[in-house]
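Number of protein chains: 4
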Amino acid sequence: VSTSGTGRIDLNADLGEGFGVWRLGDDDALLGVVSSANVACGFHAGDPTTMRRVCGGAAAAGVAVGAQVSYRDLAGFGRRFVDVAPAELADDVLYQLAALDGVARATGTGVRYVKPHGALYNAVVAHEEQARAVVEAVVAYDPALPVLGLPGSALLRAADAAGLRAVPEGFADRGYTAAGTLVPRREPGALVTDPAAVAERAVRMATEGAVLAVDGGTVPVAVESVCVHGDTPGAAALARAVRAALEGAGLAVAPFTG
Amino acid sequence: VSTSGTGRIDLNADLGEGFGVWRLGDDDALLGVVSSANVACGFHAGDPTTMRRVCGGAAAAGVAVGAQVSYRDLAGFGRRFVDVAPAELADDVLYQLAALDGVARATGTGVRYVKPHGALYNAVVAHEEQARAVVEAVVAYDPALPVLGLPGSALLRAADAAGLRAVPEGFADRGYTAAGTLVPRREPGALVTDPAAVAERAVRMATEGAVLAVDGGTVPVAVESVCVHGDTPGAAALARAVRAALEGAGLAVAPFTG
Amino acid sequence: VSTSGTGRIDLNADLGEGFGVWRLGDDDALLGVVSSANVACGFHAGDPTTMRRVCGGAAAAGVAVGAQVSYRDLAGFGRRFVDVAPAELADDVLYQLAALDGVARATGTGVRYVKPHGALYNAVVAHEEQARAVVEAVVAYDPALPVLGLPGSALLRAADAAGLRAVPEGFADRGYTAAGTLVPRREPGALVTDPAAVAERAVRMATEGAVLAVDGGTVPVAVESVCVHGDTPGAAALARAVRAALEGAGLAVAPFTG
Amino acid sequence: VSTSGTGRIDLNADLGEGFGVWRLGDDDALLGVVSSANVACGFHAGDPTTMRRVCGGAAAAGVAVGAQVSYRDLAGFGRRFVDVAPAELADDVLYQLAALDGVARATGTGVRYVKPHGALYNAVVAHEEQARAVVEAVVAYDPALPVLGLPGSALLRAADAAGLRAVPEGFADRGYTAAGTLVPRREPGALVTDPAAVAERAVRMATEGAVLAVDGGTVPVAVESVCVHGDTPGAAALARAVRAALEGAGLAVAPFTG
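Residue numbers (my numbering), protein chains in the order written: chain A, 269 to 526; chain B, 269 to 526; chain C, 269 to 526; chain D, 269 to 526.
Just so you know, these hints were derived from the structure itself, not from any lab. Idealized CB from N, CA, C, for every residue including glycine. If a hint is listed, it holds; no wrong ones were tucked in.
If you want the footprint, here are the derived chain C segments under chain D, 3+ residues with CB under 8 Å:
hint	stretch
1	309-319
2	351-361
3	367-377
Residues on chain B that point at chain A, a partial pick, calculated with CB under 7 Å:
hint	residue
4	Pro316
5	Arg320
6	Glu356
7	Leu362
8	Tyr363
9	Ala366
10	Val371
Please work from the sequences and hints to get the whole structure.
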């Protein structure tokens with residue numbers, strides 16, 4: 269599933285993560301940089317008006333809209349694992365996906381893929397039942413929708429097993445272990461903060477399907493999309509640097525959804 | 269818009285108005301009686317799992333699913349007027365409508381019409397801006413969807429003006445004034461509680477397009493659907509009595525959506 | 269901490285677990301039976317008006333009010349583990365406890381103890397950090413408040429270590445293992461459904477500090493309160509049977525808070 | 269109730285108006301400027317952890333904490349009128365007030381006054397029943413707590429009638445009519461944006477109990493507190509300018525609660 273050699277790569281970020289009066293990140297700036305926008309659907313962030321505004325912006329910018337589905341947890345921004353029963357999780361995901369798709373279609377686009385948010389994203393790396401629940405919701409809504417997630421995750425395995433397109437992504441600003449997994453956030457080397465280094469890692473992931481690991485070796489990381497973060501100060505600037513580097517390396521930055 | 273003489277009438281009730289562990293009304297019993305189910309979409313009631321269960325039941329029973337859209341007000345069950353800006357209301361309605369439609373389609377059916385709930389229903393009788401906001405959301409989602417509401421309401425006028433099918437409904441258990449409006453709940457004659465009288469009024473609405481007013485006269489009430497309430501003890505029994513009377517009068521009870 | 273020989277025992281149940289228009293259980297009936305009411309505080313159930321009504325009833329009936337604190341999870345009724353950071357959990361518990369106490373004092377009583385609800389109750393049996401967070405909130409609010417929980421739980425250990433009164437409770441309608449722990453709900457013998465057996469077990473817990481285990485042996489279960497469930501049909505009747513049996517055995521049913 | 273001649277004036281602002289991951293305004297900066305902080309209590313903003321942090325900061329800075337009570341409306345930030353029944357509103361206010369007081373006391377301070385937020389603030393200028401509901405909650409919780417509001421409002425009249433201390437406030441950055449009321453936001457002259465003018469108006473309110481009206485005349489505005497806004501860019505700088513001007517005029521800026 270590597271895109272090495274295809275000459276194109278997707279760049280995705282989380283958008284629309286405000287709620288009501290509150291904003292998080294600079295949606296407008298990011299819409300000018302990324303090719304895919306993971307839009308919050310109301311369960312961890314994203315009231316309907318914010319959703320409509322961001323989808324409208326994405327439609328205008330030619331950015332693909334993804335449903336950034338989450339546990340129901342506004343107070344915790346979806347960053348806390350919730351031991352929800354898989355059947356209920358499937359219904360929650362279906363609800364969010366359908367709601368965002370309706371809003372997106374009203375702005376001239378539509379949901380093109382699904383990516384879990386926060387604690388759910390982390391849970392479905394290994395939690396088989398919750399991973400299958402997410403996939404079940406996507407299948408129920410539209411089996412033509414790809415699922416974006418961590419390479420090797422239970423989510424992507426479940427998506428693949430269900431006949432969905434499973435799209436692996438890389439994190440240019442995260443450290444990787446020799447095994448190709450992410451360095452846990454509390455360990456040394458978890459974060460790469462130097463913009464030049466982040467950009468260089470993105471390019472190597474996209475062109476070689478590989479990344480420098482914390483032990484100094486090179487590990488394969490086959491990705492079809494590179495995730496940049498949108499909720500930190502300077503996020504848009506970093507994303508721009510990554511995009512410029514990718515384009516400088518001769519890659520077309522475009523939605524993986526084609 | 270009267271159905272007088274058509275030989276058919278719709279019978280609608282509110283369903284799926286529980287939330288999480290809480291239930292309200294007897295959805296299963298009502299699904300065996302009504303032809304149209306106004307299903308709560310999550311803003312005043314109706315978590316995704318409840319929505320899926322009710323939609324699945326409606327699909328199995330041949331009952332048409334309507335989106336019972338509401339103000340965002342779980343604590344007040346959508347019974348409190350909220351002075352939400354029309355643009356935000358439109359987005360809220362679109363979100364709910366799309367979410368329910370996605371859930372309904374996953375169970376083999378889909379949203380067939382839209383009916384506002386509670387305080388929103390009452391508001392859009394006269395609140396032109398909120399009425400237009402509801403209509404705007406329906407148009408944005410699917411202009412083929414009819415809107416169900418009070419005869420003479422701003423909602424039905426706005427729906428008609430926007431090219432939507434505007435479907436008037438009657439309340440067999442509510443008193444009517446000589447002007448054809450509902451007797452306010454706090455005034456004498458507001459409620460009709462005798463089951464035989466309720467059933468007889470439903471039949472007269474459906475066959476003659478008229479109802480006995482509190483002043484003893486007869487007023488025209490052209491309706492395509494009769495609403496029965498589902499959230500009171502004995503609601504299902506009363507609904508059954510209404511249906512039996514309608515069928516006894518030679519009418520086919522069937523969704524107005526055809 | 270056994271009450272064997274003291275001639276008195278507390279009987280507690282969950283109350284006020286409705287929300288807005290929704291009700292769960294028969295609060296009025298239970299207020300005539302129990303000596304302690306675990307009142308929902310708004311995070312899994314319990315809007316302020318419900319809280320006030322139940323607290324007023326408890327004040328009138330001489331029933332002690334306890335704060336039934338929960339994860340923030342209305343949709344899941346607090347029955348789903350949430351991996352909330354301990355510091356945030358402490359703040360959430362403090363908020364609920366203070367809110368209920370204010371409402372209770374307005375009705376002439378006040379919060380007399382704290383008991384976690386649902387998934388939080390289960391979590392703090394073993395989750396040391398969350399257990400300490402609950403205790404920290406109680407200490408911050410009022411170190412004179414006892415904590416009610418499972419014998420041997422991390423919660424009661426943490427309460428004891430912090431100088432709080434740790435009050436163990438038993439479940440007359442749950443099976444016990446030879447080790448004195450509850451039989452998991454999915455295993456045989458988890459539930460005791462025969463009212464006479466439930467009442468007899470309550471009496472034995474209260475008088476002998478022991479219960480018949482699923483393996484046929486007798487295990488010590490030193491409790492100061494017996495919990496009866498309030499949210500099932502027939503709950504009030506069962507609670508009455510338990511109370512009658514306790515009183516028939518010569519015990520005074522009275523709040524453990526004295 | 270004018271403070272003219274007392275040599276002291278209170279300066280209040282809204283604080284703690286974030287929720288979860290979201291922030292609004294610069295709480296830390298404002299805590300160094302104001303003498304009273306209207307702290308959000310969870311219904312329009314303000315999760316328990318935010319509340320604790322802000323209360324702790326207020327305690328450290330010697331800033332008085334007020335309960336900024338609101339309609340239950342996170343999505344609308346409490347800016348939308350909600351036609352909640354007065355009895356329920358009273359319970360909602362009581363709940364918020366008690367919760368914040370508990371959190372505040374855990375940080376070494378406590379709630380010293382009550383001020384409605386947003387749409388509720390505007391409603392209780394004229395809505396007698398909702399005004400009395402707010403007052404009823406304060407009386408039920410602690411009749412020693414003052415209520416802060418608009419001079420001439422139904423709220424302050426109800427507070428006064430109930431024996432509460434009614435504290436009138438002025439808005440240095442808002443235009444006043446010849447009648448002494450605020451110029452509606454959509455009319456010319458509604459906002460005063462020049463920092464020097466804002467500061468000068470604050471001084472005149474505090475020292476003379478008067479303000480320049482939009483018609484060029486001078487109207488009496490007897491206030492015990494001046495409100496500065498905290499949620500706009502530059503809010504802290506403007507608040508600092510107001511404070512400096514007040515102190516430059518020989519006034520002590522101190523909580524009205526003494």
